[in-house]
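Protein chains in written order, with our numbering: chain V, 1 to 262; chain E, 263 to 784; chain Y, 785 to 999.
Check before you lean on any hint, since a few could be wrong.
Across the chosen pairs, the derived CB separations fall in these ranges [stated by the list, open to error]:
hint, chain 1, residue 1, chain 2, residue 2, range
1, Y, Gly899, E, Ser334, 44 to 54 Å
2, E, Thr698, V, Glu106, 39 to 49 Å
3, E, Arg316, Y, Arg800, 48 to 58 Å
4, E, Arg462, V, Arg162, 55 to 65 Å
5, E, Pro737, V, Asp72, 25 to 35 Å
6, V, Asp72, E, Ser717, 16 to 26 Å
7, E, Thr698, V, Arg162, 34 to 44 Å
8, Y, Gly899, E, Asp358, 21 to 31 Å
9, E, Arg359, Y, Arg824, 25 to 35 Å
10, E, Arg462, Y, Pro830, 49 to 59 Å
11, E, Arg462, Y, Arg892, 23 to 33 Å
12, E, Gly291, Y, Gly963, 56 to 66 Å
13, E, Thr369, Y, Arg824, 55 to 65 Å
Treat the hints as calculated values from the structure; they're not laboratory data. Note that this is a predicted model, so its numbers are computed, not measured. No residue lacks a Cβ here, since even glycine has one placed at the ideal position from N, Cα and C.
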Amino acid sequence: MHSIVGDVTRIALFATCLADTLFPDVPRATVTLLERLGHEVVFPAEQTCCGQMHINTGYQRAALPLIRRYVDTFEPYEVIVAPSGSCVGSIGHQHAMVARRHDDEELARRAEAVAARTYELSQLLTDVLGVEDVGAHYPHRVTYHPTCHSLRLLAVGDRPLRLLRRVSGIDLVPLPDADVCCGFGGTFAVKNADTSTAMLADKMRSVLATRAEVCTAGDSSCLMHIGGGLSRLRAGVKTVHLAEILASTAGAGQGAPAAVSR
Amino acid sequence: MTTFLGLPGRPGRPGSRQSPSEPPHAPRGVGHLRAADPFPVAARRALADAQLRRNLSKATTTIRAKRAAVVSELPDWEELRAAGEAIKAATMADLDRYLGQLEVAVTARGGTVHWARDAIEAGNIVTALVQAAGATEVVKVKSLATDEIGLNDALAAAGIAAYETDLAELIVQLGHDRPSHILVPAIHRNRSEIRDIFLREMGDVSPDLTDDPAALAEAARQHLRRKFLSATVGISGANFGVAETGTLCVVESEGNGRMCVTLPQTLITVMGIEKVIPSWADLGVFLQLLPRSSTGERMNPYTSMWTGVTPGDGPQSVHLVLLDNGRTAALADPVGRAALHCIRCSACLNVCPVYERTGGHAYGSVYPGPIGAVLSPQLTGIEDNASLPYASSLCGACYDVCPVKINIPELLVHLRARHVEEARRTHRLPSAEAITMAAASYLLADPGRLAAAQSASRSGRLLGRRGKITALPPPLAAWTRARDAPVPPPQTFRQWWHSQHGDDRGGPAPGDRSDRSDRSDQ
Amino acid sequence: MSARDEVLARIRAAARTGAGKAGTASSPAAPSPGPRYRTRSELAGPQLLELLASRLTDYRALVHFASAATLADEIGAALQRRQARRIVVPPALRLPLPSFVTAISDTRPFLSPAGLAAVDGVVTRAAVAIAETGTIVLDGSPGQGRRAISLVPDYHLCVVDAGQVVHLVPEAVARLSAGRPLTWISGPSATSDIELERVEGVHGPRTLEVVLVSG
Chain V
1 MHSIVGDVTR IALFATCLAD TLFPDVPRAT VTLLERLGHE VVFPAEQTCC
51 GQMHINTGYQ RAALPLIRRY VDTFEPYEVI VAPSGSCVGS IGHQHAMVAR
101 RHDDEELARR AEAVAARTYE LSQLLTDVLG VEDVGAHYPH RVTYHPTCHS
151 LRLLAVGDRP LRLLRRVSGI DLVPLPDADV CCGFGGTFAV KNADTSTAML
201 ADKMRSVLAT RAEVCTAGDS SCLMHIGGGL SRLRAGVKTV HLAEILASTA
251 GAGQGAPAAV SR
Chain E
263 MTTFLGLPGR PGRPGSRQSP SEPPHAPRGV GHLRAADPFP VAARRALADA
313 QLRRNLSKAT TTIRAKRAAV VSELPDWEEL RAAGEAIKAA TMADLDRYLG
363 QLEVAVTARG GTVHWARDAI EAGNIVTALV QAAGATEVVK VKSLATDEIG
413 LNDALAAAGI AAYETDLAEL IVQLGHDRPS HILVPAIHRN RSEIRDIFLR
463 EMGDVSPDLT DDPAALAEAA RQHLRRKFLS ATVGISGANF GVAETGTLCV
513 VESEGNGRMC VTLPQTLITV MGIEKVIPSW ADLGVFLQLL PRSSTGERMN
563 PYTSMWTGVT PGDGPQSVHL VLLDNGRTAA LADPVGRAAL HCIRCSACLN
613 VCPVYERTGG HAYGSVYPGP IGAVLSPQLT GIEDNASLPY ASSLCGACYD
663 VCPVKINIPE LLVHLRARHV EEARRTHRLP SAEAITMAAA SYLLADPGRL
713 AAAQSASRSG RLLGRRGKIT ALPPPLAAWT RARDAPVPPP QTFRQWWHSQ
763 HGDDRGGPAP GDRSDRSDRS DQ
Chain Y
785 MSARDEVLAR IRAAARTGAG KAGTASSPAA PSPGPRYRTR SELAGPQLLE
835 LLASRLTDYR ALVHFASAAT LADEIGAALQ RRQARRIVVP PALRLPLPSF
885 VTAISDTRPF LSPAGLAAVD GVVTRAAVAI AETGTIVLDG SPGQGRRAIS
935 LVPDYHLCVV DAGQVVHLVP EAVARLSAGR PLTWISGPSA TSDIELERVE
985 GVHGPRTLEV VLVSG
């Protein structure tokens, strides 16, 4: 663990390909938040994708160049953050495994070293930067979905909730059956669309039962799934990434739930 | 650049297509390991069955809570799991030696050991043993191995009636149905459906039978009692076979197992070769892990252990059939072989959000749920169960509860890779998915190409109405059947960043790792 | 090649394939100094009996405490409540039975299964009892008899001495001999096969009564 509490830290941002392309407000909020906390954020322009979709769909050879790129791009940095439990989980649990499966021990060792310095946002804030009250203000009724890879691969535990509880104005309500998968699962949502939809229906039922305005999580992908379902239902519930809530401050124009649901 | 086109698959994992040196898979045309339909098709049928959904949800919710309660009672649960994993891994590493020990020990105590390469051979061995005992009826304890090999069909073909005696197996047999759960094969049936089956199929049941579970259990007791008291041949599986002592172990609840392994003169046990455990003391681990994970009890009501023949007590003719049927093919995969560690507790089924919604029949094998999705394709060869490794959202709940710590999500990902590699080796033209993946890899391997593709995708905004996309072309149409898709925003993050910072802030600065000489410090 | 030799050859070939590269899920565990799970307990006598009794009761067994002096009364009272008159007993039970019962000793020629089904119950001793799980273990010793006698009758009265009670499953395994036929019993027979609702009493004895003897 890095003991750099209280220091200005230079943090390399891995935006993730999904958020970069479809949800740019999420990495922007990550930048806003970390800069507000006094840290320097850099965006290494050579970055692309962690390769998780390829790996989880069986295309490990196609993921190899992506893994190599991730390692090459972020190896120079001391602290790396991604606003995605799933991508950080893949980096930590799959990169070295895939490299070894293809007999590239050197890449595996490098990948392990970089993965050890790659943090999901709530981990970075609580474990590395030692902060729980990030000075955010968000006057809305919010429920938190803990996303499977944050919960089980990364074991982030209650870190996101500890951060959310310190947000002023927030009305944080527990999500029933929170630890059950929303049914996204990457290409699972397409290959097994019916089962995925059945899981999504139950997750939406739980979200709606909370009467929250906003469902938040640490993964844009799961939020895209839940938000896509809620939007189709015209349910009137928005999905907003954890980073966006933590970046919000009174009068900063980010106080309202995002205008566009995912 | 490594893409799909024509490049030979370098990582030499054993695929389903077999070379002469690789162990054979379970044969086709016999037993119950292969699905008639791919998982998504079978799942769609199950998902439409409201009664099934309700039955499954109620049952899995109940058993999850029971398991959690009894697991939390043990201060050393994680140590037990670690021990279970270590024992199983050590067993697989020396499987031939332990099976040899088991054979010697069983034989020394008056038992007879038979070996079966596959389902057909096992069926023939058991049939011949029943015929040699002069029996036309047998009583059976619930056994996944005998179900896997279709033993009842083999016996029926020889004119031998096999009576399932486990309550749930009885419900399945009387209902002309298939098991849908490892522990509770009739989990898809509720009490009133079971009453209807009993009224229809049991000749000797009162027409006033209610759907009270106690009344249904009583009906089963009466129905089977005469069979137990007169049976001359019993057939069982085995939860464990102890190499050191030759002891076989059956774990059960109702007493039907005790009846079958105690009262008949002849006892035939069919055991997968992976069920051997090295030492007597290992039972102290597994008899804690199994009941708590399985029925959510501190201990199941009855566990029977026997070692060969005990003069004057129980069957005097005792047989053990050791079954391969694709297990050695799984063993040959150094990652996949972990699926052989399974002790058939079914905890992974009970926590799986996919299983809870589709039920076990959708998996098309006697081994459903997450463990089935990694075990069945290895027993049959992946191409015969190719949809199963994808029947998971990789949520990881199964790994959390597995009593022997089988990393099922990792195995699923591994088998998906094997499937793709296999397809690349055997198909001359890549699939649409392979092309898509290769194209995505090509774009994502380079930030310039990614940026260009992102710009192109802005045109996708034309599809959107008020910030959402409601219909996408195939294969993504499956997404928009139930979910709106996001419209690409006017600006990617990458574009925004460059508009704010230019291109010059991306590089490492003094103090970052590239400026250090001590990079070996990690 | 015989099936035996072929299966063993397949295993050896598979082991060679798997040996080169140890996957994360398959690498054999490093030899450890010894079990890290609990194999020995510090729990003392009275606490052990209390725990055993509560765990047995939890799974619907009937439990009574007795001393050497009150044992005969407890057994008599239990059999009287049950109105058991014809009782099968193992050949060397060595327990005081009330005069109103006819004890049928299970010696050759053994009772048939149908004969066992016709008696009112069985009285046995035990080999070991496990407090943490509420389990009694029979091993076919002369005080326990053939497995069939504690299986077919609908009522089982089991007398357990305090010295036979251990706390943990591994402690019981260490005390037991693999050479004997073992029956582990945790409450009366039960099933959860219908909607996972537990129902006591299917094929084994539907009533299990345990007398714990100390002092």
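Enumerate the violated hints, using their earlier numbering and listing them in ascending order. 2, 8, 11, 12 and 13
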